[in-house]
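Chains as they are written, first to last, in the numbering used here: chain A, 311 to 611; chain B, 311 to 611.
By construction, these hints were calculated from the structure, which means they are not laboratory data. Be aware that one or more of the hints could be misleading.
Quick list of in silico lysine-lysine cross-link-like pairs, BS3-like style, CA-CA up to 30 Å [what the hints assert, rightly or not]:
| id | chain 1 | residue 1 | chain 2 | residue 2 |
| --- | --- | --- | --- | --- |
| 1 | A | 555 | B | 412 |
| 2 | B | 440 | B | 312 |
| 3 | B | 404 | A | 401 |
| 4 | B | 401 | A | 404 |
There are 2 protein chains.
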Amino acid sequence: MKLTILGCYSATPRTNTNPTAQVLDIKNHLFLIDCGEGTQVELRRNKIKFSRIKHIFISHLHGDHFFGLVGLISTFRLLTRETDLHIYGPKGLKEIITLQMKLADSWTNYKLVFHELTSKESQCIFEDDKVVVHTIPLNHRVYTNGFLFKEKPNERKLNITAAENKKIDVAYYRKLKQGFDVVNEDGKLIKNETVTSSGKKSLSYAFCSDTLYDESIIPIIKDVDVLYHESTFLEKNKKLAEPTKHSTAKQAATIAKKANAKTLILGHYSTRYDSLEEFKTEANKVFDNVELAEDGKVFEF
Amino acid sequence: MKLTILGCYSATPRTNTNPTAQVLDIKNHLFLIDCGEGTQVELRRNKIKFSRIKHIFISHLHGDHFFGLVGLISTFRLLTRETDLHIYGPKGLKEIITLQMKLADSWTNYKLVFHELTSKESQCIFEDDKVVVHTIPLNHRVYTNGFLFKEKPNERKLNITAAENKKIDVAYYRKLKQGFDVVNEDGKLIKNETVTSSGKKSLSYAFCSDTLYDESIIPIIKDVDVLYHESTFLEKNKKLAEPTKHSTAKQAATIAKKANAKTLILGHYSTRYDSLEEFKTEANKVFDNVELAEDGKVFEF
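Just chain A, with the same shape it has in the complex (with noise of 0.2 Å):
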């Protein structure tokens, strides 16, 4: 699993920072999550294949998490994609893009598919054999919604020597590495724990942005692996966070403990300050394994 941190700044594009896009490489799919003014180019600087992109997650509308939306629509569009493309996120959404679409007389050649969000309990909204992405219903100034990102049961790894052992046919194995019991050659049933063992662990991303803090994700992100919360204050800014409904770096912490997370990874962080160490600082004093979102940074898991 590997996440791509393109942008990771609250408001506004600024020369040297970027607001909210990143990408996750999990099983394979390159998912887009937000997509703030110049993702596009920010895409093109970290040398991301455009064409990889078949899903993007929308948290909220407010611009500095979809303004770059309706440019990489429009650029797939001159680069002749063919590929569907499909868009999660809040209902209003599609009458945006396709507003623009309509006025510029340019409608895609690929298919755009809109899975508009309404609901405010988490929901499933993608599943494959491989992964499953839900919902995390946010609480902030308008219908916010962050992802979970959860890798499917990876396979176990068959003991092929034992199994041959206990003569079961290779028309079993793949029953096996999907974790059943056989019957071997003798007509005997074999448990799948004496011939198999656990697979690669299944890895999880929770993406949490924007934010008031707010204790009820906690069951739906509970155990994740690696947890990105929005952080844009620090605490002797707290009485900004409320009214804006935005998180400060001790309560990003508190949710990673409180969740049991492995990881934090703190981000959306106001420009008023002048170092992000602070924020870490702030985060370590509740939660030990925090790291820095920063622009362009690469985390693999």
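Since chain A is already given, all that's left is putting chain B on it; use the hints.
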């Protein structure tokens, strides 16, 4: 008159090239012309004071000419702007912007005034005591206007010694600068030109992008000082210019020559070409005074 090119490439923003946007500093107005994605970052990079922009002119609703507008409007809001912002552009622009503000529940505190254009004839869209702006109807795939910015005639230069010798009361000096004849202390009519000389020449700037080669704009831009005319293609790719309704460098130069422009600036280059010099070479075969727009370049006239 100072023109800053923020972006001058067609189609999509790239790592080192920006879509169309430019700033015209004329008689203390700072006019923003077109606003492709990333324009706000280019404004910062070129150290242009956001608050000085009070008028934005959008040629047409293709993304490379206006996808940066909604973000700029939003950033003005975050910067707690209070001054009115006037936006001139095709009908539909207001709907695009207000739909996004509505869905983000983020209305501006400052007054946003849309001047939507629908006329296919050249019309005056802005005028004060120093500058007048007319549309230049262009021939593109969607409804498109160029813009002609003209300084009003500058005041005549008063020869104070001559005026004193002619016994003209100082109360009449303003009238003299405005070009009127006046009566002196002896009741005698004094011809204006005997005590004044021509003031500084008034300048004009025509922005023409995007457009097919179309001679019908010539009467509108006749004798213009500086003409920016799109040259998406070179003659060797002329067959691409017609269906996409763009121009070649040679065609831009032909318009400049027939309109008796003093200077031609080329821009809106397709990114298929390695060198911009070819555009200049091609245009120079028809017209002498050719300049190449480049991102970040400043022209002073």
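Structure-based check of each hint:
no.: 1; hint: A:555 x B:412; verdict: holds (18 Å)
no.: 2; hint: B:440 x B:312; verdict: holds (15 Å)
no.: 3; hint: B:404 x A:401; verdict: holds (20 Å)
no.: 4; hint: B:401 x A:404; verdict: holds (20 Å)
Of the numbered hints listed earlier, not one is contradicted by the structure.
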